[in-house]
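Line by line, the protein sequences give chains G and R. The letter at position 210 of the first sequence is residue 210 when you use the working numbering, and the numbering goes up by one with no holes. Every number in the working numbering is 257 more than the matching position in the second sequence, counting from 1.
No false leads were slipped in.
Cross-link-like lysine to aspartate or glutamate pairs, in silico, EDC-like; alpha carbons within 16 angstroms at most: (1) R:K324 / R:E367; (2) G:K88 / G:E141; (3) G:K88 / G:E162; (4) G:K88 / R:E446; (5) R:K371 / R:E329; (6) G:K88 / R:E448; (7) G:K88 / R:D445.
None of these hints come from the bench; they were simulated from the model. If you're wondering where the values come from, they're calculated on a predicted model, not measured in any experiment.
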Amino acid sequence: MIVLDGVWKSFAGAPALRGVSLSVAAGDAVLLTGPSGAGKTTLLRLIFAAERADRGELSVAGRSLARLRASSIPYVRRNIGVVFQDFKLLPDRSALENVAVAVEILDLPRRDVELRSLQALGAVGLAARAQARCGSLSGGEQQRVAVARAIVGEPAILLCDEPTGNLDPERSHDLLALLDDIHRRGTTILIATHDPQVVDFGVAAGWRRARLVDGELLDVDLPVARPARLDEETAGFADRAAPDATNVVRIRPAVGE
Amino acid sequence: MRRNPMIQLIAVGTIALSLLLVGTVELAASNVARLASGWGGDVQMTVYLEDGIAPARAQQIAAALGKLPGVERVASVDSREAYQRLRRSLGARAALLDGVEDSFLPASIEVALKPGVADVIRAHPAFERLRHTAGVEDVDLMGDWSARLRAMETLLRQAGLAVGLLVLCACLYIVGSTIRLGVFARRDEIEILKLVGATNGFVKGPFLVEGALQGALGTALAGGLLYGLFRLAQPRVESALGSLLAASPLTFFQPRELVLAVAAGALLGLAGSALALGRYVKV
Chain G
1 MIVLDGVWKS FAGAPALRGV SLSVAAGDAV LLTGPSGAGK TTLLRLIFAA ERADRGELSV
61 AGRSLARLRA SSIPYVRRNI GVVFQDFKLL PDRSALENVA VAVEILDLPR RDVELRSLQA
121 LGAVGLAARA QARCGSLSGG EQQRVAVARA IVGEPAILLC DEPTGNLDPE RSHDLLALLD
181 DIHRRGTTIL IATHDPQVVD FGVAAGWRRA RLVDGELLDV DLPVARPARL DEETAGFADR
241 AAPDATNVVR IRPAVGE
Chain R
258 MRRNPMIQLI AVGTIALSLL LVGTVELAAS NVARLASGWG GDVQMTVYLE DGIAPARAQQ
318 IAAALGKLPG VERVASVDSR EAYQRLRRSL GARAALLDGV EDSFLPASIE VALKPGVADV
378 IRAHPAFERL RHTAGVEDVD LMGDWSARLR AMETLLRQAG LAVGLLVLCA CLYIVGSTIR
438 LGVFARRDEI EILKLVGATN GFVKGPFLVE GALQGALGTA LAGGLLYGLF RLAQPRVESA
498 LGSLLAASPL TFFQPRELVL AVAAGALLGL AGSALALGRY VKV
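Work out the full structure, taking the sequences as your base and the hints as a guide.
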């Protein structure tokens, strides 16, 4: 699904990534760990085509980004959902409107836009807060709105850049459980983090771990068996959070399978 | 446009005032052109005949004039026709001629000269000989007035062109600046749109429409203001120029011309917006 082969990227002569090679299969969940400034965000930005690699090969869903025309970038991004530490929501608009932004670009009828947006909010347990202004939501709720926006287009890949950075431990756990739920429904997930709580959760959930230090990929773990306890904790998260959310977002099979 | 109504109002108002200047010059030029045409601008010389001249002699003079090199055409105008023309030119004041004999005006021969001849004929000996020909009362070179009006029209159009170019640049700048402000105000939203996969066209579309609307509304407002000024000025100008305008009263632009102007304004706004977006919005 995501293949990096000897990728280099520099900014103003300073290398941010040094010959990174990483392969993420469809349906994988990968933790990208490392200290601040290690190159985690740069790697994510390369994957959703916000930057171009200076050297090396990078392909997403079988499509080489090095040879990608500028006019094709939007169509690549529609297959990738992105969640940021600072949520990147429009605070003066409602949760529904914020999620709808990702669907309006598809030129669908207004009714379908609203329906899909509501479904996505239901999947993250916020259907009841659809009309609330995002600025009035808690940090945890805002991040879940951001997740809803990221998955409303049913992307094959979900990228998260320090998603728990602005959340307390309890909300962080809820968010991680949501992401795990999304992963178990078939989405390929890549989470960049230096938060130990996220690392612990991910390891316990059987996610892979890739460690970046000073732009170099030092090691990549193989996936471990998923403990049954974690399945009990995270199963049906969306249903638990919103008992009446019968309209669950369909996570389509990853592209290439 | 809903988000920054004050900025939009200022932009539209500034465009309107700029175009008002261009419109005023163009309106003046078109009325001067019409006035020049209405005075029979192509008739450069009028030969007035003596009272009581025999019709045969009048025809002889007209025929001789028609054969002269430099003369394009001649037309005889008898007393009665001259009277009727005067009545028509007086318009609403034609009643002044009530009770006046329709033969009080002299017969005349109107002569249209070939291009360039009117400028030199005054100094030509033939012109003086014509004045002293039997049966001829006077010779008047009417082309002077028409030439002056044409010169004024040319000057106005040149001034209009120069002002128009300046106004064009100003309007492009105004629209571009307003659009850039709008892009800056919506930079967060634009960033999110790019992240979720919006195309350049999707992001730029609303701004292009905004620019076109600014141009169209500004032009329409300019047209409205100009019409208001025209209605205010028309009675004063016509009163000052009197019978000079009787045959060619002042007129405003035709509806078709106004529609074309608004369409051109919309294109101007669209161009200004596209120029501003080209540099500032890229996926």
